[in-house]
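Could you build all of it, start to finish, from the sequences and the hints given here?
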Amino acid sequence: MFSFSQNKLDRVVVNTNNFVTKNGKTIVFRGLNTSDPDKLESQGHWNKSYFKEIKEWGANIVRFPVHPSAWTKRGKENYLKLIDDGVQWATELGLYVIIDWHSIGNLETEMYQDDMYDTTLKQTYDFWRTIAVKYGKNTSVAFYELFNEPTTFNNTLGTASWDEWKKINEEIITIIRANGGEGIPLVAGFNWAYDLTPVIENPINAEGIAYVSHPYPEKREKPWESQWTADWGFVKEKYPLMLTEIGFCGPEDPGAHHPVISDESYGDAITNYCDDKEISYVVWVFDPQWAPRLFEDWNYTPSRHGKYFKKHLSSYSYD
Amino acid sequence: MFSFSQNKLDRVVVNTNNFVTKNGKTIVFRGLNTSDPDKLESQGHWNKSYFKEIKEWGANIVRFPVHPSAWTKRGKENYLKLIDDGVQWATELGLYVIIDWHSIGNLETEMYQDDMYDTTLKQTYDFWRTIAVKYGKNTSVAFYELFNEPTTFNNTLGTASWDEWKKINEEIITIIRANGGEGIPLVAGFNWAYDLTPVIENPINAEGIAYVSHPYPEKREKPWESQWTADWGFVKEKYPLMLTEIGFCGPEDPGAHHPVISDESYGDAITNYCDDKEISYVVWVFDPQWAPRLFEDWNYTPSRHGKYFKKHLSSYSYD
Amino acid sequence: MFSFSQNKLDRVVVNTNNFVTKNGKTIVFRGLNTSDPDKLESQGHWNKSYFKEIKEWGANIVRFPVHPSAWTKRGKENYLKLIDDGVQWATELGLYVIIDWHSIGNLETEMYQDDMYDTTLKQTYDFWRTIAVKYGKNTSVAFYELFNEPTTFNNTLGTASWDEWKKINEEIITIIRANGGEGIPLVAGFNWAYDLTPVIENPINAEGIAYVSHPYPEKREKPWESQWTADWGFVKEKYPLMLTEIGFCGPEDPGAHHPVISDESYGDAITNYCDDKEISYVVWVFDPQWAPRLFEDWNYTPSRHGKYFKKHLSSYSYD
Ligand SMILES: [Mg+2]
Ligand SMILES: [Mg+2]
Ligand SMILES: [Mg+2]
Ligand SMILES: [Mg+2]
Ligand SMILES: [Mg+2]
Numbered sequence: 485m486f487s488f489s490q491n492k493l494d495r496v497v498v499n500t501n502n503f504v505t506k507n508g509k510t511i512v513f514r515g516l517n518t519s520d521p522d523k524l525e526s527q528g529h530w531n532k533s534y535f536k537e538i539k540e541w542g543a544n545i546v547r548f549p550v551h552p553s554a555w556t557k558r559g560k561e562n563y564l565k566l567i568d569d570g571v572q573w574a575t576e577l578g579l580y581v582i583i584d585w586h587s588i589g590n591l592e593t594e595m596y597q598d599d600m601y602d603t604t605l606k607q608t609y610d611f612w613r614t615i616a617v618k619y620g621k622n623t624s625v626a627f628y629e630l631f632n633e634p635t636t637f638n639n640t641l642g643t644a645s646w647d648e649w650k651k652i653n654e655e656i657i658t659i660i661r662a663n664g665g666e667g668i669p670l671v672a673g674f675n676w677a678y679d680l681t682p683v684i685e686n687p688i689n690a691e692g693i694a695y696v697s698h699p700y701p702e703k704r705e706k707p708w709e710s711q712w713t714a715d716w717g718f719v720k721e722k723y724p725l726m727l728t729e730i731g732f733c734g735p736e737d738p739g740a741h742h743p744v745i746s747d748e749s750y751g752d753a754i755t756n757y758c759d760d761k762e763i764s765y766v767v768w769v770f771d772p773q774w775a776p777r778l779f780e781d782w783n784y785t786p787s788r789h790g791k792y793f794k795k796h797l798s799s800y801s802y803d
Numbered sequence: 485m486f487s488f489s490q491n492k493l494d495r496v497v498v499n500t501n502n503f504v505t506k507n508g509k510t511i512v513f514r515g516l517n518t519s520d521p522d523k524l525e526s527q528g529h530w531n532k533s534y535f536k537e538i539k540e541w542g543a544n545i546v547r548f549p550v551h552p553s554a555w556t557k558r559g560k561e562n563y564l565k566l567i568d569d570g571v572q573w574a575t576e577l578g579l580y581v582i583i584d585w586h587s588i589g590n591l592e593t594e595m596y597q598d599d600m601y602d603t604t605l606k607q608t609y610d611f612w613r614t615i616a617v618k619y620g621k622n623t624s625v626a627f628y629e630l631f632n633e634p635t636t637f638n639n640t641l642g643t644a645s646w647d648e649w650k651k652i653n654e655e656i657i658t659i660i661r662a663n664g665g666e667g668i669p670l671v672a673g674f675n676w677a678y679d680l681t682p683v684i685e686n687p688i689n690a691e692g693i694a695y696v697s698h699p700y701p702e703k704r705e706k707p708w709e710s711q712w713t714a715d716w717g718f719v720k721e722k723y724p725l726m727l728t729e730i731g732f733c734g735p736e737d738p739g740a741h742h743p744v745i746s747d748e749s750y751g752d753a754i755t756n757y758c759d760d761k762e763i764s765y766v767v768w769v770f771d772p773q774w775a776p777r778l779f780e781d782w783n784y785t786p787s788r789h790g791k792y793f794k795k796h797l798s799s800y801s802y803d
Numbered sequence: 485m486f487s488f489s490q491n492k493l494d495r496v497v498v499n500t501n502n503f504v505t506k507n508g509k510t511i512v513f514r515g516l517n518t519s520d521p522d523k524l525e526s527q528g529h530w531n532k533s534y535f536k537e538i539k540e541w542g543a544n545i546v547r548f549p550v551h552p553s554a555w556t557k558r559g560k561e562n563y564l565k566l567i568d569d570g571v572q573w574a575t576e577l578g579l580y581v582i583i584d585w586h587s588i589g590n591l592e593t594e595m596y597q598d599d600m601y602d603t604t605l606k607q608t609y610d611f612w613r614t615i616a617v618k619y620g621k622n623t624s625v626a627f628y629e630l631f632n633e634p635t636t637f638n639n640t641l642g643t644a645s646w647d648e649w650k651k652i653n654e655e656i657i658t659i660i661r662a663n664g665g666e667g668i669p670l671v672a673g674f675n676w677a678y679d680l681t682p683v684i685e686n687p688i689n690a691e692g693i694a695y696v697s698h699p700y701p702e703k704r705e706k707p708w709e710s711q712w713t714a715d716w717g718f719v720k721e722k723y724p725l726m727l728t729e730i731g732f733c734g735p736e737d738p739g740a741h742h743p744v745i746s747d748e749s750y751g752d753a754i755t756n757y758c759d760d761k762e763i764s765y766v767v768w769v770f771d772p773q774w775a776p777r778l779f780e781d782w783n784y785t786p787s788r789h790g791k792y793f794k795k796h797l798s799s800y801s802y803d
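Chains as they are written, first to last, in our numbering: chain A, 485 to 803; chain B, 485 to 803; chain C, 485 to 803.
Since the hints were derived computationally from the structure, they do not count as laboratory data. Just so it is clear, the structure is predicted and the values come from calculations on it, not from any experiment. Please note that the accuracy of each hint is not assured.
Calculated pairs, BS3-like style, for lysine-lysine (alpha carbon to alpha carbon, straight line, at most 30 angstroms) [stated by the list, open to error]:
1. A:LYS557 - B:LYS606
2. B:LYS557 - A:LYS606
3. B:LYS560 - C:LYS523
4. A:LYS606 - B:LYS791
5. A:LYS560 - C:LYS560
6. C:LYS560 - A:LYS557
7. B:LYS523 - A:LYS606
8. B:LYS523 - A:LYS560
9. B:LYS618 - B:LYS606
10. C:LYS606 - A:LYS606
11. A:LYS523 - C:LYS523
12. A:LYS703 - C:LYS618
13. B:LYS651 - B:LYS618
14. C:LYS560 - A:LYS606
15. C:LYS606 - A:LYS523
As structure tokens, this is what we get:
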């Protein structure tokens, strides 16, 4: 399906509850999250080798988590150069790209889980205008993930209602499309992008979008499956769905933290669940210093987590 | 009507659909736009000679387009010194002044057509508080143009409704008047201050204001007149109206851009239309580097556009 | 009641219309306002001697007016060190503490009476999150005064409705409590924290809070009492009430300004009124340069105002 000789990937669009290319072929995405391009570039790892490794692990998509603090610090023009390079390398390797505005918190009150996620509604609108103008026609940049993890953090970040959050997402989608963004907006729900239950009654009022969940293992107790269906899996009956962050690590692994601690049984459960329902997913995170890390050193030695997903991603055959 | 010996011009007020002085005489304004005072001062041209030239061209009013970026960069105190000087020279020459908050875009989302127009609702409120406190009793500063050109730019700057925009204008008018601003607020509609149709059903809820349109030639196809009446001219039946930007240039002129390209037929049409209905207007722009330019060099050599309006402005007799 | 050997003061809570400690004893607070800790530290007076003097004057509570401009200038981390020290000294001396976000103006439009009060809704939320996280369990920090003096300044700062202001206060209270703030939120009304009349029909929707008024002498003409009852005193029938700023100075005293000019008859009236109804109060201000000053020099020589309140505060007996 992806060929090194292509300069251009086929545009992906929404067809009922699937992602399809213009020729009508359904694609299920399975890929990897980079760490922030700003972080990787600073450490000398934002290069084509890094993307080749991602490709070799079996990914067909890569997600760029753009932290608002990095965007602000580096400046719009300089940060876009990083994205330019990444999109170019991804395209050469046949990898689709998700650009992810990687904030965590409450856009309504403009309070965030940490200063690195700090942004404003104004900056968020401007980010998406900028991305739509720059990459709106670029078919590799298939997805715009509007806001990584919405959460009131149990109201420590103030309150937010689904109605308010829905309205903000709809405004961003309007801005993206008015500026020529032809990719697919990805919309997340509250509870750190876990909970999509409001979509039952009150879906986003826009065509051609997809929903996101981040079902890390400790969001629910085992057995997970029926809870996943009730919390977010039901969405796939009607809309395309992408789990833009999944992953696990053992309690002894570096950076282990709630809610990511589990073992290979989580890997089996989530991949079986996704494969069965043709739900796309992207594993967090292709960096040895962020957690759950997929590799341990810059020889790309897989971690426990990495061994699991390197094997699983390689098991898919794309015709 | 205007005498060099005056220290003070008569206060202009709204009387039904006209501008009148306190003694009841109606004034129709015809004048010129300066470029940004910050730009002129930086280039050594913000001086009384510049104002004398404006007077000699036949203007009875001058409009100062204060760009938010210039206001921010120079700082409030320093920028006010420029306005102080300009108001003083205008007063000495018998010219009324419009202070214009020269932004283009959507105050609701705080997105703008260019960084030079970047502002916030907070800064906009503060600007008008500052102007009202400083010039509220100054009778030369007859007009406060609240926001130069409101536009969603086809939703590329996000959405805005007339109800939201109306509410913002009403809040600014409240702020101006509470701070002692006795001049006349000028309110523009969407489509870069072209469209006043919502005023039919839903006028600004404030007495003593006037409306603005910027009917550049390419906003509509010829013949213009009936469209102008439907789009903004109808307002003059009920409220005072001022076209704070009109003008044209040929396609070969420097800086020629949509929607300003036309010829003298536009000049004839718009001046006849205005003269017939006693609509005030201000020609854009008295600067050799901005477009459509009225003069070509600092000897004030009129451009094609300048020749047209220098002649026309001089043709009016004010008793 | 307060012992120098205590490391910890009893938690104060709301019981119907009173402040009580956990063991059920009612406390009426009478204390002093510090000037801004940032100001005092810069001048070498933010030290335990200053707090000892406050204690010796008879206070059982001290209020820290944190100016947003000082918070921004010094930076969150450095400012918190000042509060840490102040809370420590207060605790050692058995003084309760009010942390007061000392802005004056309209949070809705983000316009303020002076640049030193400049803040945003975002910063205000973040301030209270920070304070709640840091001092939420500290029993000395008994009170959080959400916003010193709300006012539209006769609409010069734009409009605000009680419904909007109520909603902002409720959001801040939610944020404080979600972040573990166990102290008592203090809510003020418009007219520079004078007017609580909207509380009759439309009280803040939160349990365990108290209301604030700042009834400086010239807010009303003599005789004051029935007007005070109608304007804010009625609240004490149902809720706890604290006058976090009272005081007076003669017209000849340094810094004398409307509405603080009066004489000892005001002192008698306000203290009788409060003592009769068990209303708590805090006198403004324990600084020789701010007005009405309580002392004249750094030997703590009482001013006329200071003589009055030093004597009155010393007259209470706390068992
Ligand atoms: Mg904002
Ligand atoms: Mg909310
Ligand atoms: Mg809108
Ligand atoms: Mg704001
Ligand atoms: Mg309001």
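Now for the hints, and whether the structure bears them out:
1. A:LYS557 - B:LYS606: 24 angstroms, holds
2. B:LYS557 - A:LYS606: 20 angstroms, holds
3. B:LYS560 - C:LYS523: Status holds; Cα separation ~26 angstroms.
4. A:LYS606 - B:LYS791: Since the Cα atoms of A:LYS606 and B:LYS791 sit roughly 44 angstroms apart, the hinted pair is violated (cutoff 30 angstroms).
5. A:LYS560 - C:LYS560: Distance of about 27 angstroms is within 30 angstroms: holds.
6. C:LYS560 - A:LYS557: 20 angstroms, holds
7. B:LYS523 - A:LYS606: 28 angstroms, holds
8. B:LYS523 - A:LYS560: Between B:LYS523 and A:LYS560 the Cα gap is close to 26 angstroms, so the pair holds against 30 angstroms.
9. B:LYS618 - B:LYS606: Distance of about 18 angstroms is within 30 angstroms: holds.
10. C:LYS606 - A:LYS606: Holds, at about 13 angstroms.
11. A:LYS523 - C:LYS523: At roughly 40 angstroms apart (the allowed maximum being 30 angstroms), C:LYS523 and A:LYS523 break the hint.
12. A:LYS703 - C:LYS618: 28 angstroms, holds
13. B:LYS651 - B:LYS618: Distance ~24 angstroms between B:LYS651 and B:LYS618 Cα, so the pair holds.
14. C:LYS560 - A:LYS606: Roughly 24 angstroms between the alpha carbons, so the hint for C:LYS560 and A:LYS606 holds.
15. C:LYS606 - A:LYS523: 27 angstroms, holds
In this structure, the earlier hints numbered 4 and 11 are contradicted, and the remaining ones agree with it.
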